[in-house]
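Number of protein chains: 2
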Amino acid sequence: MDIPISQQYAIGIDIGGTNTKFGLVNHRGDISYHGAILTHKHEDVNDFINDLYEAILPAIEDNGGFSVIRGIGIGAPNGNIYKGTIEYAPNLKWKGIIPLADLIGKKFGVKARLTNDANAAAVGEMTYGSAKGMKDFIMITLGTGVGSGIVANGQLIYGHDGFAGELGHTIIIPDGRLHPGTGAHGSLEAYASATGVSRTALEFLDKDPGKPSLMRNYAREEIDARVVYDCAMEGDKMALDIYEYTGKILGLALANFVMFSSPEAIIFFGGMSKAGELLLKPTRETMEKNLLPIFRNKVKLIFSELKEADAAILGASALVWETSK
Amino acid sequence: MDIPISQQYAIGIDIGGTNTKFGLVNHRGDISYHGAILTHKHEDVNDFINDLYEAILPAIEDNGGFSVIRGIGIGAPNGNIYKGTIEYAPNLKWKGIIPLADLIGKKFGVKARLTNDANAAAVGEMTYGSAKGMKDFIMITLGTGVGSGIVANGQLIYGHDGFAGELGHTIIIPDGRLHPGTGAHGSLEAYASATGVSRTALEFLDKDPGKPSLMRNYAREEIDARVVYDCAMEGDKMALDIYEYTGKILGLALANFVMFSSPEAIIFFGGMSKAGELLLKPTRETMEKNLLPIFRNKVKLIFSELKEADAAILGASALVWETSK
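Protein chains in written order, with the numbering used here: chain P, 90 to 414; chain F, 90 to 414.
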């Protein structure tokens, strides 16, 4: 490529169950264009790719054409970096194994690389965000689900098959709450995701029907993590108890993660992390209590500094700079 | 060093609570000399080092003198590779932080390096044993305690402070059995160590006093993991149930470890692993049941091929070849 690196772009794509967001990113991590298309309206992956191409094309043309595009990086649920595939993603309509990196690479005529969405966010955080300069950290996304990306020795942990870092599915409460998506009992995601929190809210309301709560002003189907947050901010006791309960389970899980890889920090990311200290306080307390003394008061629990979509777009784009050196 | 590498030796030292074993190891992993001294009889670490020096000196002299010694590698409980220290090891008499690598290096006049004992065993296994060629595996030592060494991307995971891989202390049963050494409730080590198994045996005997068991032929203080094993081998139902119970907890723990780092294999090591399929069958079943489908039927559960003391001696010696290149 004859064009100097300072004038090149990577396309970063973050595929979620609902939206697919993308950006043109230069090598310093500046995102010069933001765009999005709906993921879930495309039953067929080829239609999705065609729409994505149409949506990105103007941005490419505005910025100098295909000659300045160094490559495409993609973050996707159940993404496998070794094979460039999405495999059996429960939240996507495309079933089985989808060779998405190949399909996108061919459509755009540009080299494409794909990884797990939470791993992409961890790379974004390490390259441009709160984890800059860290060699050992864990990124936890607390959204509809609970995702994770683990960095140790300055490298992302992929595992032998590319699927490492499914911390949301570790079992924290044996024989605990059923996760309807996986059939597991007591996994972290069943409690610490936004879905888990709304489930906890309904359980708390049902368990103690005489107890007043602002949440009773909402219809059952309206009660989501947002409602719990709003009620907690107004001082509602039951809503505050829900954060206490969630934080205790999350903290126990974090203690185990710390005793696994001894990270310098755990970085939170995703909608649920907006709860801030409300969630972090009980989480930190339970984590510290369950750690061996040698690990205590060492691990930082922090929030991502990047805008939510940006971490994954930046991380996905970082795959491009990393590989086409 | 002018002496060709084929004629050089590393001294590998494995420090345990009771014994300290050592060997002279060449770069192909042949141990040409085995020796041991008692660890626990030395209240003072300097006395220990003096005795160790006296014990190793003849081996050095027999093999060509100090000029052929490339370095010393040490595996020790709570060993910290970054600092060469042993820090707050509950099973050793030397309290606080002991700068053992420095002390030994000075006494011998040779460069010394120290790491955690389970990490040393993992390196031994990777360099010379069952994990040869593997880039992602977990080594679990099932002995008096439960130790672990984690390898990902072909590297040992040390964490930001050198203490990563304390999987024996992860909490598997929240509010479960008290670990008398750490004060934690429900940690893996409280169940899956030899100590844990004898504790389970006493609980089972007490819970069901009318139920016959060969274990009742032993005095309470005689009942250890060995007795449980012998009784199980004779078909004793209660002893078999103890393995079932232990395997279920170990299997649940392993499922969580797999969803963390997605290893190709988990390698067992230490006295308890002699139980073989007796322990492995319930362990494997519970692990598989608790894994996300993408991880199922992929992870090998295997036993170390190395003799118990050898893995740690070899692993410790490997530190020498690794660093003085």
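These are calculated hints, taken from the structure and not from any lab test.
Don't take every hint at face value.
Identical chains blur together in the list; that is why a pair holds if it fits in one copy or across any two.
[What the hints assert, rightly or not] Calculated lysine-lysine pairs in the BS3-like style (CA-CA distance at most 25 Å, straight line):
| hint | residue 1 | residue 2 |
| --- | --- | --- |
| 1 | K389 | K337 |
| 2 | K378 | K184 |
| 3 | K387 | K172 |
| 4 | K221 | K182 |
| 5 | K200 | K300 |
| 6 | K221 | K172 |
| 7 | K296 | K195 |
| 8 | K326 | K182 |
| 9 | K378 | K296 |
| 10 | K195 | K363 |
| 11 | K184 | K387 |
| 12 | K300 | K389 |
Now for the hints, and whether the structure bears them out:
Taking CA atoms no more than 25 Å apart as the test, K389 paired with K337 passes inside one copy only; the shortest distance there is 17 Å, against 33 Å between copies. Taking the closest pair of Cα atoms, K378 and K184 come within 25 Å of each other only across two copies (23 Å); inside a single copy the shortest separation is 42 Å, beyond that limit. Taking identical chains as interchangeable, the C-alpha atoms of K387 and K172 lie at most 25 Å apart only when they sit on different chains, with a minimum of 17 Å there against 37 Å within one chain. Within a single copy, K221 and K182 get their C-alpha atoms no closer than 35 Å, and across copies no closer than 40 Å, so neither meets the 25 Å cut-off.
For a Cα distance limit of 25 Å, the shortest separation of K200 from K300 qualifies neither inside one copy, at 59 Å, nor across copies, at 68 Å. For the homomeric pair K221 and K172, the shortest alpha-carbon distance between copies (24 Å) is at most 25 Å, but the shortest distance inside one copy (27 Å) is not. For the identical chains of this complex, K296 and K195 are neighbours neither inside a copy (55 Å) nor across copies (66 Å), given an alpha-carbon limit of 25 Å. Taking CA atoms no more than 25 Å apart as the test, K326 paired with K182 passes in neither setting, with 39 Å inside one copy and 50 Å between copies.
Taking the closest pair of Cα atoms, K378 and K296 never come within 25 Å of each other, the shortest separation being 28 Å inside a single copy and 30 Å across copies. When the C-alpha separation of K195 and K363 is checked against a cutoff of 25 Å, the pair qualifies neither within a copy, at 39 Å, nor between copies, at 54 Å. Taking the shortest Cα distances, K184 and K387 sit within 25 Å of each other only across copies (21 Å), while inside one copy they are farther apart (42 Å). In this assembly of identical chains, the alpha carbons of K300 and K389 never lie at most 25 Å apart, being 36 Å within a copy and 51 Å across copies at closest.
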